Amino acid sequence: TQLLEQSPQFLSIQEGENLTVYCNSSSVFSSLQWYRQEPGEGPVLLVTVVTGGEVKKLKRLTFQFGDARKDSSLHITAAQPGDTGLYLCAGDDDYKLSFGAGTTVTVRA
Amino acid sequence: DAGVIQSPRHEVTEMGQEVTLRCKPISGHDYLFWYRQTMMRGLELLIYFNNNVPIDDSGMPEDRFSAKMPNASFSTLKIQPSEPRDSAVYFCASSLKDWNTEAFFGQGTRLTVV
Numbered sequence: 004t005q006l007l008e009q010s011p012q013f014l015s016i017q018e019g020e021n022l023t024v025y026c027n028s029s030s031v032f033s034s035l036q037w038y039r040q041e042p043g044e045g046p047v048l049l050v051t052v053v054t055g056g057e058v059k060k061l062k063r064l065t066f067q068f069g070d071a072r073k074d075s076s077l078h079i080t081a082a083q084p085g086d087t088g089l090y091l092c093a094g095d096d097d098y099k100l101s102f103g104a105g106t107t108v109t110v111r112a
Numbered sequence: 027d028a029g030v031i032q033s034p035r036h037e038v039t040e041m042g043q044e045v046t047l048r049c050k051p052i053s054g055h056d057y058l059f060w061y062r063q064t065m066m067r068g069l070e071l072l073i074y075f076n077n078n079v080p081i082d083d084s085g086m087p088e089d090r091f092s093a094k095m096p097n098a099s100f101s102t103l104k105i106q107p108s109e110p111r112d113s114a115v116y117f118c119a120s121s122l123k124d125w126n127t128e129a130f131f132g133q134g135t136r137l138t139v140v
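Sequences listed follow chains G and W, in order.
Position one of the first sequence corresponds to residue 4 (our numbering), numbered consecutively onward.
Position one of the second sequence corresponds to residue 27 (our numbering), numbered consecutively onward.
It should be emphasised that the hints constitute simulated quantities derived from the structure, not laboratory data.
Mixed in with the good hints, there may be bad ones.
[To be verified] When the alpha-carbon atoms are kept at most 20 Å apart in a straight line, the in silico SDA-like pairs for lysine to any residue are as follows: (1) Lys94/W / Asp82/W; (2) Lys123/W / Lys59/G; (3) Lys94/W / Val79/W; (4) Lys123/W / Ser34/G; (5) Lys99/G / Lys94/W; (6) Lys99/G / Ser92/W; (7) Lys99/G / Glu109/W; (8) Lys123/W / Lys60/G; (9) Lys123/W / Val53/G; (10) Lys99/G / Ser33/W; (11) Lys99/G / Asn126/W; (12) Lys99/G / Val79/W; (13) Lys99/G / Arg136/W; (14) Lys73/G / Thr138/W; (15) Lys99/G / Val139/W; (16) Lys123/W / Lys73/G; (17) Lys99/G / Gln106/W; (18) Lys99/G / Val140/W; (19) Lys60/G / Gly29/W; (20) Lys123/W / Thr80/G; (21) Lys99/G / Asp56/W; (22) Lys123/W / Val50/G; (23) Lys50/W / Met65/W; (24) Lys59/G / Glu128/W; (25) Lys123/W / Thr107/G; (26) Lys123/W / His36/W; (27) Lys99/G / His55/W.
[Stated by the list, open to error] To give an idea of the interface, some chain G residues facing chain W are shown, with a C-beta separation under 7 Å as derived from the structure: (28) Tyr25; (29) Arg39; (30) Glu41; (31) Glu44; (32) Gly45; (33) Pro46; (34) Leu48; (35) Gly55; (36) Phe102.
Quick caveat, the model's predicted, so the values are computed rather than measured.
For glycine and all other residues, C-beta sits at the position ideal for the given N, C-alpha and C.
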């Protein structure tokens, strides 16, 4: 059973559209990390959220940590082809990081 | 800094052969992680080290898998004997000071066991 459930599994949109991906769990996390992985590469950290209700912005990306620290979302505004990739969330699980299965985002030009 | 360096990038081997994957972490990083990524199971932590000492190997699937970190700048993951179900992308990552701070990943080794 995945500690972190990510949805949707796949998402394909047109350039300029908005999208939101979700990361949910029944467990409480002290922090959550979001990574993006491009084909043939390792994941790269985008952001870490640590406070319940926290909102962080990274250019066109907005990350939110749920009030109860059990869930998080990533919203991309006006998506571009360069946003294409696998988006992974990761949370602490007994003194190690556990990753969700990820959401594969494809932005068509 | 060159980042985390893994070798080889691709490995094709026959079932039953020994496979050794190599990793050079970022200098000064205290933590080193080995992950395996497959379509079915996603990114799974196999083992991690702190200051060259294995801390948690509960993710190592079987006794066929072993990992060592003889010094701060080098680690190996060995599979002996290899099986087709070991085919996956294996990632090494390192982090500066804690197991839950930013992990810097290498480019991975794509292993195919035929």
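Taking the hints in turn, this is what the structure says about them:
1. Lys94/W / Asp82/W: Given that 20 Å is the threshold and the Cα spacing comes to 13 Å, the pair holds.
2. Lys123/W / Lys59/G: Violated - the C-alpha atoms of Lys59/G and Lys123/W are around 23 Å apart, more than 20 Å.
3. Lys94/W / Val79/W: Within the cut-off at roughly 9 Å; holds.
4. Lys123/W / Ser34/G: holds, 16 Å
5. Lys99/G / Lys94/W: Holds - the C-alpha atoms of Lys94/W and Lys99/G are around 18 Å apart, at most 20 Å.
6. Lys99/G / Ser92/W: Distance of about 19 Å is within 20 Å: holds.
7. Lys99/G / Glu109/W: It is violated: about 27 Å lies between the C-alpha atoms, which goes past 20 Å.
8. Lys123/W / Lys60/G: violated, 25 Å
9. Lys123/W / Val53/G: With Cα atoms ~17 Å apart, Lys123/W and Val53/G stay inside 20 Å; holds.
10. Lys99/G / Ser33/W: violated, 24 Å
11. Lys99/G / Asn126/W: holds, 7 Å
12. Lys99/G / Val79/W: holds, 15 Å
13. Lys99/G / Arg136/W: violated, 24 Å
14. Lys73/G / Thr138/W: violated, 37 Å
15. Lys99/G / Val139/W: violated, 28 Å
16. Lys123/W / Lys73/G: Between Lys123/W and Lys73/G the Cα gap is close to 25 Å, so the pair fails against 20 Å, i.e. violated.
17. Lys99/G / Gln106/W: This hinted pair is violated, its Cα atoms lying about 26 Å apart.
18. Lys99/G / Val140/W: Since the Cα atoms of Lys99/G and Val140/W sit roughly 32 Å apart, the hinted pair is violated (cutoff 20 Å).
19. Lys60/G / Gly29/W: violated, 26 Å
20. Lys123/W / Thr80/G: violated, 34 Å
21. Lys99/G / Asp56/W: holds, 14 Å
22. Lys123/W / Val50/G: At roughly 17 Å apart (the allowed maximum being 20 Å), Val50/G and Lys123/W satisfy the hint.
23. Lys50/W / Met65/W: Cα-Cα ~26 Å, so violated.
24. Lys59/G / Glu128/W: holds, 16 Å
25. Lys123/W / Thr107/G: Status violated; Cα separation ~30 Å.
26. Lys123/W / His36/W: Outside the cut-off at roughly 30 Å; violated.
27. Lys99/G / His55/W: Holds, at roughly 16 Å.
28. Tyr25: Since chain W brings no Cβ nearer than about 16 Å to Tyr25/G, farther than 7 Å, the hint is violated.
29. Arg39: violated, 11 Å
30. Glu41: Because about 10 Å separates Glu41/G from the closest Cβ in chain W, which is outside the 7 Å limit, the hint is violated.
31. Glu44: holds, 6 Å
32. Gly45: holds, 3 Å
33. Pro46: holds, 5 Å
34. Leu48: holds, 5 Å
35. Gly55: violated, 17 Å
36. Phe102: With Cβ-Cβ at 4 Å, under 7 Å, it holds.
Comparing the model with each earlier hint shows violations of hints 2, 7, 8, 10, 13, 14, 15, 16, 17, 18, 19, 20, 23, 25, 26, 28, 29, 30 and 35; every other hint is respected.
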